[in-house]
Amino acid sequence: MSELSARQRKTAEPLGETKAEGAVSSIGSHLQTHVREYGMLIALVVIMGFFQVVTDGTLMRPVNLTNLILQNSYIVIMALGMLLVIVAGHIDLSVGSVAGFVGAVAAVMLVQYDISPLGVIPACLLLGILIGAAQGYWIAYWRIPSFIVTLAGMLVFRGLTLWVLAGQSVGPFPRSFQLLSTGFIPDVFGVGRPNITAILLGAITAAVLVFMAMRNRQRHTKYGMEGEPFAFFVAKNGLIAAAIIFLSYLLATYRGFPNVLITMAVLTVIYTFVTNSTTIGRRIYALGGNEKAAKLSGIRTERLTFLTFANMGMLAALAGLIFAARLNTATPKAGVGFELDVIAAVFIGGASMSGGVGKITGAVVGAFIMGVMNNGMSILGIGIDYQQVIKGLVLLAAVIFDVYNKNKAA
Amino acid sequence: MEPILEMRGITKSFPGVKALDDVNLKVARGEIHALVGENGAGKSTLMKVLSGVYPHGSYQGEIFFEGRPVAFSGIADSEKIGIIIIHQELALVPLLSIAENIFLGNEIAKGSVIDWPETNARTERLLKKVGLRESPSTRVDTLGVGKQQLVEIAKALSKEVKLLILDEPTAALQENDSQKLLDLLLEFKAQGISSILISHKLNEVNRVADTITVLRDGRTVSTLDCGAEEISEEHIIRDMVGRDMAHRYPERTPKIGETLLEVTNWNVWHPLQSDRQMIRDVSLRVAAGEVVGIAGLMGSGRTEFAMSLFGRSYGRNISGTVKLRGKEIDVSTVNRAIANGLAYVTEDRKALGLILEENVLRNTTLANLMRVAKSGVIDNAEERQVAERYRRALGVRTPTVFQKVMNLSGGNQQKVVLAKWLFTEPEVLILDEPTRGIDVGAKFEIYSIINELAGQGKGVLMISSEMPELLGMCDRIYVMNEGAIAGELAGSEASQEKIMSMIVRSKSNV
Chain A
0 MSELSARQRK TAEPLGETKA EGAVSSIGSH LQTHVREYGM LIALVVIMGF
50 FQVVTDGTLM RPVNLTNLIL QNSYIVIMAL GMLLVIVAGH IDLSVGSVAG
100 FVGAVAAVML VQYDISPLGV IPACLLLGIL IGAAQGYWIA YWRIPSFIVT
150 LAGMLVFRGL TLWVLAGQSV GPFPRSFQLL STGFIPDVFG VGRPNITAIL
200 LGAITAAVLV FMAMRNRQRH TKYGMEGEPF AFFVAKNGLI AAAIIFLSYL
250 LATYRGFPNV LITMAVLTVI YTFVTNSTTI GRRIYALGGN EKAAKLSGIR
300 TERLTFLTFA NMGMLAALAG LIFAARLNTA TPKAGVGFEL DVIAAVFIGG
350 ASMSGGVGKI TGAVVGAFIM GVMNNGMSIL GIGIDYQQVI KGLVLLAAVI
400 FDVYNKNKAA
Chain B
0 MEPILEMRGI TKSFPGVKAL DDVNLKVARG EIHALVGENG AGKSTLMKVL
50 SGVYPHGSYQ GEIFFEGRPV AFSGIADSEK IGIIIIHQEL ALVPLLSIAE
100 NIFLGNEIAK GSVIDWPETN ARTERLLKKV GLRESPSTRV DTLGVGKQQL
150 VEIAKALSKE VKLLILDEPT AALQENDSQK LLDLLLEFKA QGISSILISH
200 KLNEVNRVAD TITVLRDGRT VSTLDCGAEE ISEEHIIRDM VGRDMAHRYP
250 ERTPKIGETL LEVTNWNVWH PLQSDRQMIR DVSLRVAAGE VVGIAGLMGS
300 GRTEFAMSLF GRSYGRNISG TVKLRGKEID VSTVNRAIAN GLAYVTEDRK
350 ALGLILEENV LRNTTLANLM RVAKSGVIDN AEERQVAERY RRALGVRTPT
400 VFQKVMNLSG GNQQKVVLAK WLFTEPEVLI LDEPTRGIDV GAKFEIYSII
450 NELAGQGKGV LMISSEMPEL LGMCDRIYVM NEGAIAGELA GSEASQEKIM
500 SMIVRSKSNV
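Protein chains in written order, with numbering that gives the first Met the number 0: chain A, 0 to 409; chain B, 0 to 509.
Quick caveat, the hints were computed from the structure, so don't treat them as lab data. Don't take every hint at face value.
Claimed, not checked - Taking lysine-lysine and the DSS-like style, the derived pairs with C-alpha atoms no more than 30 Å apart in a straight line are:
#1 B:127 to A:235
#2 A:291 to B:373
#3 B:403 to A:291
#4 A:407 to B:403
#5 A:407 to B:17
#6 A:294 to B:322
#7 B:373 to A:294
#8 A:294 to B:403
#9 B:47 to B:25
#10 A:291 to B:109
#11 B:373 to A:405
#12 B:254 to B:25
#13 B:179 to B:127
#14 B:326 to A:294
#15 B:403 to A:405
#16 A:221 to B:403
#17 A:291 to B:322
#18 B:47 to A:407
#19 A:405 to A:390
#20 B:109 to B:25
#21 B:161 to B:146
#22 A:405 to B:47
#23 A:291 to B:17
#24 B:79 to B:127
#25 B:47 to B:188
#26 A:235 to A:390
#27 B:47 to A:294
#28 B:127 to B:109
#29 B:17 to A:405
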């Protein structure tokens, strides 16, 4: 035994040096190793800047900014679930149809049966969970490829949407239901522009983020983990805080924070926490990284896959409700093609097709890249034809960028 | 004799590391030249330089083939003049037939229409040469690893090979398949084909090689001529590791306690073919502080037994009882098996043992995440401490625990797998080929870890295809054949001959 530890000590020495070198990495080398993490965030800022200039400042006008958030919310919300699905090594093509179907069911319940939104919303979320669970069942326990199960689901729920709506649009909805999407956080400091509550909320969020980042950094140094260079840390968090406060101010000069922004932000925080810090999150990554190894490590892979799809169903349902509430009507066309935007957002955000890799923040940034491009190109009056081409090329470029970086590292 | 190949002063650098530093290699015409060295010594890099994977210009130094200087810009160039490399990971298309694989990319065709009669006839001739009795139309995925290896060699022969390079050809092979392969090399030698054999198995190297070149840390350490004198394995090991390794197996004084694991009448049927019994009435026991081996040929059912025992991860209609310290335990799911004190280190660490994309830390805690979490939330600090503790205890060589395991060497990957299972605090560890494909130095470390575990009073059940390893490590050895226990030997009285004769005798009884 003593012989063994003596050998280990001998081999451990030179490693101590390499570690010390790593801890004082320069800003340049830090950026290089984390190029993918920051790359897309920088891309988002650049794209926003570009459209800000070419639209003569229309992009960042408070009205448009509010619009952009409303337009994007359902894509972001579904991207959260889709990230988990893709990390687990699967895909869900049915989310657009499911969102449309749930929106239709909600419309019929609200308009034709006059049920209160307080009953409709939970019932519809439950419906989403059941739909996700039904698809997840075949995928997890029967091992039918998710591509096929959800392709079937895509057709089935598209058809059911038409059937539920009888081919008609159903609306309008009661005001209380519309608030889900078009409501705003009221200003508790008197009705006014700018909306003080929004600015305060923004400032608090920024403060909390900075505080958490500092605490995290402290912990990291305490355990000798390699952290960002200090100057970089300060610059990064300063910029993020400034951006949040600035955007909050812009929104405050219009009508304040939309309700969906809060929903979206809270869900993003929850899912970031789940993926980073919980056992269930960790296990989803392990499942996607190597299912067999995960299984032999005692992880109940089937159940986990099943839950991932049930969760996706719930988020698709929520997205469907928000989308219907925003349009104030449920149409048979609602949700068509959403799945492609959602999946594209997740891949732009750096997730890997083969599973095991991807981040919630990446997916959210990816969704906003898509959203800003949609919005910016619409303002410029670029035709839907060119828009599709450009979006497709951006997706391809993002993934090529990924593969290029990976090859360079290897 | 005139050398067929001469590599002079080869230096190849990657950012930050010099993988090869002024390496010289001279292969005489018609000889078997063994290339040995620890993992990371530069063997594979050297062969990649030779075969053109690293094109001319990306390294310094010169290569002469048949007396002429050569400069390859890709693998096609080296194949054209007769240098063929067979990699450790076989490059066959599993769903195609033997004939299709052999002539893949090199089809015998008129225009673009394949001439099947000619293809099959030629394939048959090639198969005869390598001693594989299969039809050319047999699908490759129905063959075992040993036979697939022969298909690869037949493929090489189809290309007019002058210099055959085999990278760890016997790593996945059973003793008798390995012997066959080595005999084949000797036969080729008689026909004037030169070969370079990369291997960790020194007994094989000693058996067939005419010359041995030893690499260490990217340099040529020595070139040993086997014709002139008998080269001892100890001599080669000394050159490889740069230190004297008096004992290949660390010493241990067994302190054997009460019986820990007791399996009785274990029966398992094939998961798909319901009438095929894979494991037949297997009964065995492992005591505290004891290292017990399971010997047997490939396909004897050792892995199937271990996997079926560990949470029914293999097979169906499993029956039999498992007792720990005399009390029956439930091992019907992996979770229950872990909770009841079993751990299983899989044979194939990359496919079944590790999440390669994840770091050392996350792999270490994976099987026992609950221990570092409070109500489902992982305590990062705690987790980090655990990972560091096991990294130190097992001597995992990695700059930090945040290194992805795919960047570690085989030996260090295996230590991470061991760390993962030690963290579940098992009473009995089942180790399936724990030293497969790792170098001599790392093997010694793994053996030391195994001994340490036994010293702590854990039971170790060790499956291995390398008989010397079982003989060197085990207190007791079960011999398994065709899914049943063919016999049991005390470590002190066991020998390779006795084990083989048990296998052979049990075969004749069936």
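Discussion item. Does residue 47 of chain B sit within 30 Å of residue 405 of chain A, going by the straight-line distance between their CA atoms?
Written reply: Answer holds: residue 405 of chain A to residue 47 of chain B is near 21 Å, not above 30 Å.
Fill in: Agreement of residue 235 of chain A and residue 390 of chain A with the hint, judged by alpha carbon distance not exceeding 30 Å
Holds: residue 235 of chain A and residue 390 of chain A sit about 28 Å apart, inside 30 Å.
Item to complete: Starting from residue 47 of chain B, check that the Cα of residue 188 of chain B is at most 30 Å away, please.
Response: Holds, at about 23 Å.
Worksheet item: Within a Cα-Cα threshold of 30 Å, do residue 326 of chain B and residue 294 of chain A meet the stated pairing?
Response: Given that 30 Å is the threshold and the Cα spacing comes to 26 Å, the pair holds.
Item to complete: Decide if the proposed pair is consistent with the structure: residue 47 of chain B and residue 407 of chain A, CA atoms, cutoff 30 Å inclusive.
Response: OK: residue 47 of chain B and residue 407 of chain A at ~19 Å, within 30 Å.
Discussion item. Residue 291 of chain A and residue 373 of chain B were given as a pair; does the straight-line alpha-carbon distance stay at or below 30 Å?
Written reply: holds, 26 Å
Worksheet item: For the pair supplied as a hint, residue 403 of chain B and residue 405 of chain A, is the alpha-carbon distance within the 30 Å limit?
Response: holds, 13 Å
Worksheet item: residue 179 of chain B and residue 127 of chain B: Cα distance at most 30 Å?
Response: Answer holds: residue 179 of chain B to residue 127 of chain B is near 14 Å, not above 30 Å.
Discussion item. Check whether the Cα positions of residue 17 of chain B and residue 405 of chain A lie no farther apart than 30 Å.
Written reply: holds, 22 Å
Worksheet item: Going straight from one Cα to the other, do residue 127 of chain B and residue 109 of chain B come out at no more than 30 Å?
Response: Given pair residue 127 of chain B, residue 109 of chain B holds - Cα atoms ~25 Å apart, limit 30 Å.
Worksheet entry | residue 291 of chain A paired with residue 17 of chain B [C-alpha distance capped at 30 Å] | violated, 36 Å
Fill in: Restraint status (C-alpha distance of residue 294 of chain A to residue 403 of chain B at most 30 Å)
This hinted pair holds, its Cα atoms lying about 20 Å apart.
In summary, the structure is inconsistent with hints 1, 10, 11, 12, 20, 23 and 27 from the numbered list given earlier, while agreeing with the others.
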